[in-house]
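Novice: If you're matching them up, the sequences are chains A and B in order. The first sequence begins at 1 in my numbering and counts up by one. The second sequence begins at 1 in my numbering and counts up by one.
Honestly, the hints are just simulated from the structure, not real lab data. Only a predicted model underlies this, so the values are computations on that prediction, with no experimental measurement involved. There could be a bad hint or two in this list.
What the hints assert, rightly or not - In silico DSBU-like cross-links for lysine-lysine, where the CA-CA straight-line distance does not exceed 30 angstroms:
1) A:K180 <-> A:K33
2) B:K33 <-> A:K173
3) B:K33 <-> A:K30
4) B:K50 <-> B:K76
5) B:K33 <-> A:K40
6) A:K299 <-> B:K76
7) B:K33 <-> A:K167
8) A:K180 <-> B:K102
9) A:K332 <-> B:K124
10) A:K278 <-> B:K102
11) A:K33 <-> B:K33
12) B:K76 <-> A:K329
13) A:K33 <-> B:K124
14) B:K50 <-> A:K332
15) B:K76 <-> A:K180
16) A:K299 <-> B:K82
17) A:K33 <-> B:K76
18) A:K172 <-> B:K76
19) A:K71 <-> A:K117
20) B:K124 <-> A:K167
21) A:K180 <-> B:K50
22) B:K33 <-> A:K42
23) A:K469 <-> B:K102
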Amino acid sequence: MRTGIFMAAVLASMLLVSAAHAASDPDSAKLSKSTSDHTKFKALQQEFNSGPEVTKACLSCHTEASKQLHKTEHWKWEYRSPEGQLLGKKNVINNFCTSIRTNEAACNICHIGYGWKDDTFDFTSEVNVDCLVCHDTTGNYKKPAGLAGNVVTKAMEFPPGSGNIIKPIDLKKIAQAVGKTSRDTCGACHFYGGGGDGVKHGDMDSSLASPDQALDVHMDALGLNFACATCHMTEGHQVPGSRYAPTAQDKGDAHVRGKEYTSNPTTCQACHGQAPHKKIAKLNDHTDKVACQACHIPKFARGGVATKMSWDWSTGGKMGPDGKPLIKKDAKGHVIYTAAKGDFILGENVVPDYQWFNGKVGYTLFSDKVEKSDQPTRINHFEGSAGDGKSLIWPVKIMRGKQAFDPVNKRLAVVHTAGNDDTGYWTNFNWEKAVAVGMASIGAPFSGKVDFVTTESTWPITHMVAPAKDALRCHDCHASNGRLEKVPGIYIPGRASDHAGWLDTAGWALAALTLLGVLGHGLGRVIVSKRNK
Amino acid sequence: MTKKLSSLNVLSLCLLACSLVASAAHAADGDWKRGRVYYQKVCTECHTAKAGGPIAPNTRTMADWTKYLNTDKHAKGKEPLKMYVSREYRANIKATNKAAEKYADVPDEQLFNDVKTFMLKGAKDGDSPASCL
C-alpha cells in the first residue's frame, strides 16, 4: 500500500511537471489557425488498413470532397484543349518516360487515387480518391512505385522475391494530422515529374521544399514562405494554373479582395498588376512584349538539383562487364546512363531558351503521323509570334531526345517499360516486345519494327523567381549575342541581328556633318565678328 | 515481507507508463519543418563553410542519432549541440543568419526538439530519409 501511495505521488509530480512545462511554454498558448483538431474526431480514432478506409472516414464529414475531385485534371488525367486536342497524362506522349499506358502501376503513384492499375479503374469511386497525398502534414505519407497508388500498412517485400522491404506507414497518425496542402505535398509529385527529382520541369524540384530567398523570393522558407496554393488559389479543389491551360499574357489588374475574378490567379499580374517597376519606370515599357519570367528567372535548376536536358532512348540496353545492366555516372555522381533508359544530358543553372508564346500549345499525339525526314518531331510546341497581339517572349526549357517509333506506321511508340513481366523493357530490354504491348494497349497498329526519331518538347519556366537584384540587366538582352538574339519579329536595340551597318554609317555621317556645320558656323561667326570690329 | 501489488499500485504504474509513452510520443512530434529549416540554415551552413561538408540525416540510423543527441558531445565534445540551438547562440548570429533571426524567440527545448524530430524522421531508417539539404 505504501508503494501504491509512493507511485501515486510520483505520478502526480510527473503530471505537475508536464503541466508546468506546458504553462511556461509561450507557444502552447498560440492561437491554432484551424478550428478543428483531427485527433479528436471519432472517425479517425481507428486503425486503418488501406487508403480507401481513410477516405471513407474523411467523407463522413467532408461529404462533397470526392465529387469535387472527380471534376479535376488531378483525378481525370484528361483535358480537352480549346483547340480540340484530347490531352492530359492519359493521352499525351512525352520525351521522358513517354507514356503512362501499360505502365499505370508504376506511373500512377502520382494519381490522386488508389488502385489505377489498368483500364478497369473506376473513375466514379469516391473512396478511391486519395485525400492524404495532398493533405498530409507529417511528410511521411508514401505511395511506393508499382502498387498503383496504394499505400503499405504492413511491411511487405516488393517486388516479390527482391528482398526489398517496404516500410509500412501509420495511416492513423497521418490522418489525424491532416492540414492544408504545402510545398511538400504538391512537390511529392510535381518535383519528381519525368521519373525523378527535377527531371522534367527544370523550375520545380525538391530544392523548393524549403528554399532560400535567392532560389525563390516567394517561397523563401524564412521569408514570404508561399505555399503552392498561395498562387494556385484553389476553390472546391479545382486548382488553377495548369500547364495544359496556360495564360501567356495577362492584361488584367492586380486582384483585389472581395472582387470576383474569372482570370487565372497564378499570373504575376494577378498580384503585381501591369506596372510593377516603381523605381525604374522604363522597365514597365517591356511588359507588353516580355513575360515577367523572362527577366526574373535568369536561370533554372538553381537549387542544386540537376534537370534532364536530353534523353536518348536509342542507346538503352547495354550490359556492363559483369553482365548486369550498365549504369554510368558523371564526376558529380549524377547518373548519365542506364541500360533501362539510355543516355542523359543533365543541366544545372541553365540559361533558358526564349520564344514567343500566346498560350496555345500544340501536341503530337499517338495518332499523329511522324516523318523521320522531318526532324526533330515536336512532341509539343508553343505557338505565338511578335505580331499576333497575344504573345509575349517567354523563357522555356527545351527538352531534346531520341525515342522509339514505328517506321512503317510512322507513329511514336507507346512503350511498356515498367512491370515485372516478360515484355517490360526495363526487365527484358527488348524493344519489339515492349512496343508491341504498348501499341496494343491503345489499339494502334504495330509493324513489328522499331526505329528512333529525334524529338523536342517545350516547358514553360515560371517558378524559381529570383530576387530583383538578380534579375536580368539591360545588357543581357540589349547586346550582341544577348539572351534574345534569336527571337524574331521585334527590334531590340543593341542586338547583333538588329544591327544594320548602313544605318550606323548614315548615323555617323550625320553626326560628322552636324559637327562640321557647327564648326563652320562658329568659324564664320568669329571671322564676321573680327571683321566688324 | 511479501509485497502485493495493490490495485492502486497497478493503476498508478499503468498511468505512469501511459504518461511516459505519451510524453515520448510528444517528444518526437516537434515541428519538423521548422527543424528542417534550422538544420539547413544553421547546422548545414556551418558544416559546409567550416566542417568539411554537410551532414545528411540519412547517414545515420534513428538509434545512432538518438544516442548522439542524448550524449550531446558535438564536434568531439568541444561544445554541446544544445548550445548551437540556444537562444543565446541565435542572438549572436541573427545579424547574419535569417533562421536565427526568425526563430530568435523560440524556447530552446522546443527548437531542439524540432531539429531532433527532423533528424530522426530523416534518418537512414526513419519515416522519410533525408539526403539533400
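Novice: Determine for every hint whether it applies to the structure shown.
Specialist: Right, here's what the structure says about each hint:
no. : hint              : verdict
1   : A:K180 <-> A:K33  : 11 angstroms, holds
2   : B:K33 <-> A:K173  : 17 angstroms, holds
3   : B:K33 <-> A:K30   : 17 angstroms, holds
4   : B:K50 <-> B:K76   : 15 angstroms, holds
5   : B:K33 <-> A:K40   : 23 angstroms, holds
6   : A:K299 <-> B:K76  : 41 angstroms, violated
7   : B:K33 <-> A:K167  : 22 angstroms, holds
8   : A:K180 <-> B:K102 : 22 angstroms, holds
9   : A:K332 <-> B:K124 : 22 angstroms, holds
10  : A:K278 <-> B:K102 : 28 angstroms, holds
11  : A:K33 <-> B:K33   : 17 angstroms, holds
12  : B:K76 <-> A:K329  : 35 angstroms, violated
13  : A:K33 <-> B:K124  : 33 angstroms, violated
14  : B:K50 <-> A:K332  : 21 angstroms, holds
15  : B:K76 <-> A:K180  : 41 angstroms, violated
16  : A:K299 <-> B:K82  : 38 angstroms, violated
17  : A:K33 <-> B:K76   : 42 angstroms, violated
18  : A:K172 <-> B:K76  : 40 angstroms, violated
19  : A:K71 <-> A:K117  : 20 angstroms, holds
20  : B:K124 <-> A:K167 : 12 angstroms, holds
21  : A:K180 <-> B:K50  : 38 angstroms, violated
22  : B:K33 <-> A:K42   : 28 angstroms, holds
23  : A:K469 <-> B:K102 : 22 angstroms, holds
Consistency note: the structure conflicts with the earlier hints numbered 6, 12, 13, 15, 16, 17, 18 and 21.
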